[in-house]
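Asker: The chain contents come next:
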Amino acid sequence: MRVRQKGFVLIAMSVAMVVMLAVMGLAFDLGRIYIASNEAQVFTDAAAMAAASKLDGTDAGLDRARQAVAKLPMRWNLGTKSFTGVVVQFSPDKMSWARVTAPDNQVEITFLRAVGGPAVFTVPAHSVAAAKPVRLVE
Amino acid sequence: MIELAVSAGVMVACLAGTVQFGYTFYIYNELVTAVGNGGRYAAMRTFRGAGSRDIEKGKEAIRNMVVYGDSHPAPNALPQVANLKPEQVQVDWVMDDSGTQPAAVNVTIADYTVDAAFGMFRFTGKPAVEYPFVGRFAPSENEP
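Chains as they are written, first to last, in my numbering: chain A, 1 to 138; chain B, 1 to 144.
Do not rely on the hints blindly, as some may be mistaken.
Derived pair list, reagent style DSBU-like, types lysine-lysine, alpha-carbon separation capped at 30 angstroms [what the hints assert, rightly or not]:
1) A:Lys94 with A:Lys132
2) A:Lys71 with B:Lys59
3) B:Lys85 with A:Lys81
4) B:Lys85 with A:Lys6
5) A:Lys132 with B:Lys85
6) A:Lys54 with B:Lys59
7) A:Lys94 with A:Lys54
8) A:Lys6 with A:Lys54
9) B:Lys126 with A:Lys54
10) A:Lys54 with A:Lys81
11) B:Lys57 with B:Lys126
12) A:Lys71 with A:Lys132
13) A:Lys132 with B:Lys57
14) A:Lys71 with A:Lys81
15) B:Lys59 with A:Lys81
16) A:Lys81 with B:Lys126
17) B:Lys57 with A:Lys54
18) A:Lys54 with B:Lys85
19) A:Lys71 with A:Lys94
20) B:Lys85 with B:Lys59
21) B:Lys126 with B:Lys59
22) B:Lys126 with B:Lys85
23) B:Lys85 with B:Lys57
24) A:Lys71 with A:Lys54
Examples of chain A residues lying across from chain B (beta carbon under 7 angstroms, computed) [unchecked claim]:
25) Gly31
26) Val42
27) Pro73
Okay, the calculated bits of chain B under chain A, using three or more residues with CB under 8 angstroms as the criterion [as the list claims (entries may be wrong)]:
28) 16–23
29) 29–39
30) 128–138
These aren't lab readings, by the way, just hints derived from the structure by calculation. The model shown is predicted, which means the values in this text are computed figures rather than measured ones. From the three backbone atoms N, C-alpha and C, an ideal C-beta is built for every residue, glycine too.
Build out the structure end to end from the sequences listed, making use of the hints.
Answerer: This is the structure in structure tokens:
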């Protein structure tokens with residue numbers, strides 16, 4: 001007696017497509033998350049250095065530090081989005097260090113959400129820089 | 001058999017796209033790391049400006065740092081990112097209001113094409129970083 005085999009490809013492809021979506025999500029969405037994380041880290045590194053370089057122990061110095069961070073032209077999400085909600089903090093003496101946090105970098109998830117992943121993934125970054133850094137002498 | 005052929009075509013296309021975008025994102029991430037490291041190096045190194053040739057030599061050292069991770073690489077040094085060359089890296093000093101001292105430095109990948117097996121992606125003017133200059137300013141020194 002011949003066993004009916006119709007529809008096997010449909011079932012196999014359905015299962016394979018879900019697995020494929022997960023693999024595509026790992027490559028595409030995780031790739032973008034890693035890039036966003038790296039871009040945010042490089043931005044906060046530069047922003048902390050920019051802020052720290054303006055500190056002189058005065059309130060005017062703090063203002064100049066905030067302006068220096070706001071003026072940085074760097075972007076994220078493959079260089080397409082500006083950083084928003086950036087937080088700049090300073091040492092109590094207003095002259096030792098500056099800390100910059102970029103907390104709102106939300107990467108929209110494309111494929112992983114189809115297999116139960118989140119719709120957005122936040123990749124915050126923060127850096128601290130000393131006001132008087134060790135300089136390279138060469 | 002026909003449905004298997006059609007389905008396999010779709011799967012292969014998805015797989016090719018996954019490889020293509022995955023590799024491109026990997027390379028872009030490497031470029032972000034490279035310009036970040038180069039920018040930080042540029043920000044902290046000594047700016048020697050005795051002549052335009054010294055400034056250009058300084059830029060060359062920064063470009064080498066981006067590409068090779070070394071300001072003075074060995075002749076057979078390999079780039080940190082596949083096929084990246086120093087001439088594809090653009091270094092621009094941003095001068096202060098007086099126009100005499102560097103205030104910041106821009107490091108940009110001017111033009112880079114990723115060969116991702118099934119297609120090409122071209123990056124122009126990205127990734128880019130700007131770091132404040134916090135190094136030593138030596139306007140009368142020559143670049144060694």
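Asker: Indicate, hint by hint, whether the structure satisfies it.
Answerer: Hint by hint, here is what the structure shows:
no. : hint                  : in the structure
1   : A:Lys94 with A:Lys132 : 13 angstroms, holds
2   : A:Lys71 with B:Lys59  : 23 angstroms, holds
3   : B:Lys85 with A:Lys81  : 27 angstroms, holds
4   : B:Lys85 with A:Lys6   : 56 angstroms, violated
5   : A:Lys132 with B:Lys85 : 33 angstroms, violated
6   : A:Lys54 with B:Lys59  : 25 angstroms, holds
7   : A:Lys94 with A:Lys54  : 10 angstroms, holds
8   : A:Lys6 with A:Lys54   : 73 angstroms, violated
9   : B:Lys126 with A:Lys54 : 27 angstroms, holds
10  : A:Lys54 with A:Lys81  : 26 angstroms, holds
11  : B:Lys57 with B:Lys126 : 23 angstroms, holds
12  : A:Lys71 with A:Lys132 : 21 angstroms, holds
13  : A:Lys132 with B:Lys57 : 26 angstroms, holds
14  : A:Lys71 with A:Lys81  : 15 angstroms, holds
15  : B:Lys59 with A:Lys81  : 28 angstroms, holds
16  : A:Lys81 with B:Lys126 : 12 angstroms, holds
17  : B:Lys57 with A:Lys54  : 28 angstroms, holds
18  : A:Lys54 with B:Lys85  : 35 angstroms, violated
19  : A:Lys71 with A:Lys94  : 20 angstroms, holds
20  : B:Lys85 with B:Lys59  : 14 angstroms, holds
21  : B:Lys126 with B:Lys59 : 18 angstroms, holds
22  : B:Lys126 with B:Lys85 : 15 angstroms, holds
23  : B:Lys85 with B:Lys57  : 16 angstroms, holds
24  : A:Lys71 with A:Lys54  : 13 angstroms, holds
25  : Gly31                 : 3 angstroms, holds
26  : Val42                 : 4 angstroms, holds
27  : Pro73                 : 6 angstroms, holds
28  : 16–23                 : holds (count 5)
29  : 29–39                 : holds (count 6)
30  : 128–138               : holds (count 8)
The earlier numbered hints that this structure contradicts are 4, 5, 8 and 18.
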